[in-house]
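Protein chains in written order, with the working numbering: chain A, -13 to 129; chain B, -13 to 129; chain C, -13 to 129.
Hints are computed from structural coordinates only; laboratory data are not their basis.
A quick note: this is a predicted structure, and the numbers were derived from the prediction, not measured.
Where hints are given, some of them may not hold.
A pair holds if it fits inside one copy or across any two, identical chains being indistinguishable in the list.
[As the list claims (entries may be wrong)] Using 27 Å as the maximum straight-line C-alpha spacing, the simulated BS3-like pairs for lysine-lysine come out as follows:
(1) K67 - K21
(2) K100 - K21
(3) K21 - K55
(4) K100 - K55
(5) K119 - K21
(6) K67 - K100
(7) K67 - K55
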Amino acid sequence: MRNCECGTRNVSAGVGPRVQEIIDITDEVAAQVAKSGVQEGFVLVSAMHITASVFVNDHESGLWADILKWLETSVAPWDPKRYRHNETGEDNAAAHLRSLTIGHEVIVPITAAKLDFGPWQRVFYGEWDGQRKKRVIVKVIGE
Amino acid sequence: MRNCECGTRNVSAGVGPRVQEIIDITDEVAAQVAKSGVQEGFVLVSAMHITASVFVNDHESGLWADILKWLETSVAPWDPKRYRHNETGEDNAAAHLRSLTIGHEVIVPITAAKLDFGPWQRVFYGEWDGQRKKRVIVKVIGE
Amino acid sequence: MRNCECGTRNVSAGVGPRVQEIIDITDEVAAQVAKSGVQEGFVLVSAMHITASVFVNDHESGLWADILKWLETSVAPWDPKRYRHNETGEDNAAAHLRSLTIGHEVIVPITAAKLDFGPWQRVFYGEWDGQRKKRVIVKVIGE
């Protein structure tokens, strides 16, 4: 292991509360990998929040709309009344369930100092509860 | 890499068969990380079972109840009759599908010898088929 | 870290378009681990595609049938008309959502030069859009 670079990124999750948003963070992750000097290894990209996701998929806005609609109509409707978590004063239980479904982190392989992605693979941050400033940790391991 | 600590943990999954249970294992994972002496790296926390999950989310009992209800009513109802897997003599096909949805492992970053979590992030074991003694592997890599 | 082996594997995804297929790739992953010479570490197994999954579960054909049925009836029906992504000329939006639900990669621990799996754990490639030649990256880190 030559070094282990650690960075975080602030995500501004839209202009209003509860904004659901999908943000392509591939270029920022690639910049962290370049900065680390690692040639062969892994990069962990992980949301530091329990109502968000990090995932690898396609840079296509129609698909992003499909994902948001699917989260609402199929995975976990926002409807605060159905969740006990919301008796604590929150109303974002659905965002937790969306985070659990898609996951909150990915590991991307690094080969020859680059993100070793297949065709169309990109890495995204998914904000399911757009209330606060958000952070993503990007951590590189390898040599 | 200075060392690579490997541990397993027995999970007692409640008192009856098919108990669905969510267990906070953060302190035990943190203890393994401390024991490893790793300052910068990753810890893998992985269920050694195909009817269980490991995930990062919130220590809030109302949310845990929401997750269990959501798994039953939305993700994969237990109802043994709907699954071909259960023709083998099992009745836990739903537990497999719940494991696939939430995932069976997480990677947590280690920074300055600590679990590098955001606010409220904790790591949990989810038991979806409470029949047998269960194990979680905790493996640290870094330097 | 003694070395970091990187391999890809072609997956022939059945004979027709849109073939949904679950393929046990454990032996090929184990062979890559053996070739790497790594005794203690991690292996990343990651689909290089955005309409596929890699997951750990059970080698049981009834369960595989349950997974395929569940993806179609509960997770994301294929029905191309419901998705905006398909206005781009694709018809595989459902395959993207299935990939997001199950995930596209796993990390498996390596202990004493072997995949450190619990009982019945095996690693699978899930093809949700059987159109093209597919690749899985297998990358080992450790010492």
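Structure-based check of each hint:
no. : hint       : in the structure
1   : K67 - K21  : neither (46 Å within a copy, 44 Å between copies)
2   : K100 - K21 : both (11 Å within a copy, 23 Å between copies)
3   : K21 - K55  : neither (37 Å within a copy, 45 Å between copies)
4   : K100 - K55 : neither (33 Å within a copy, 37 Å between copies)
5   : K119 - K21 : within (24 Å within a copy, 33 Å between copies)
6   : K67 - K100 : neither (46 Å within a copy, 37 Å between copies)
7   : K67 - K55  : both (19 Å within a copy, 14 Å between copies)
Hints 1, 3, 4 and 6, counting from the list given before, are not met by this structure.
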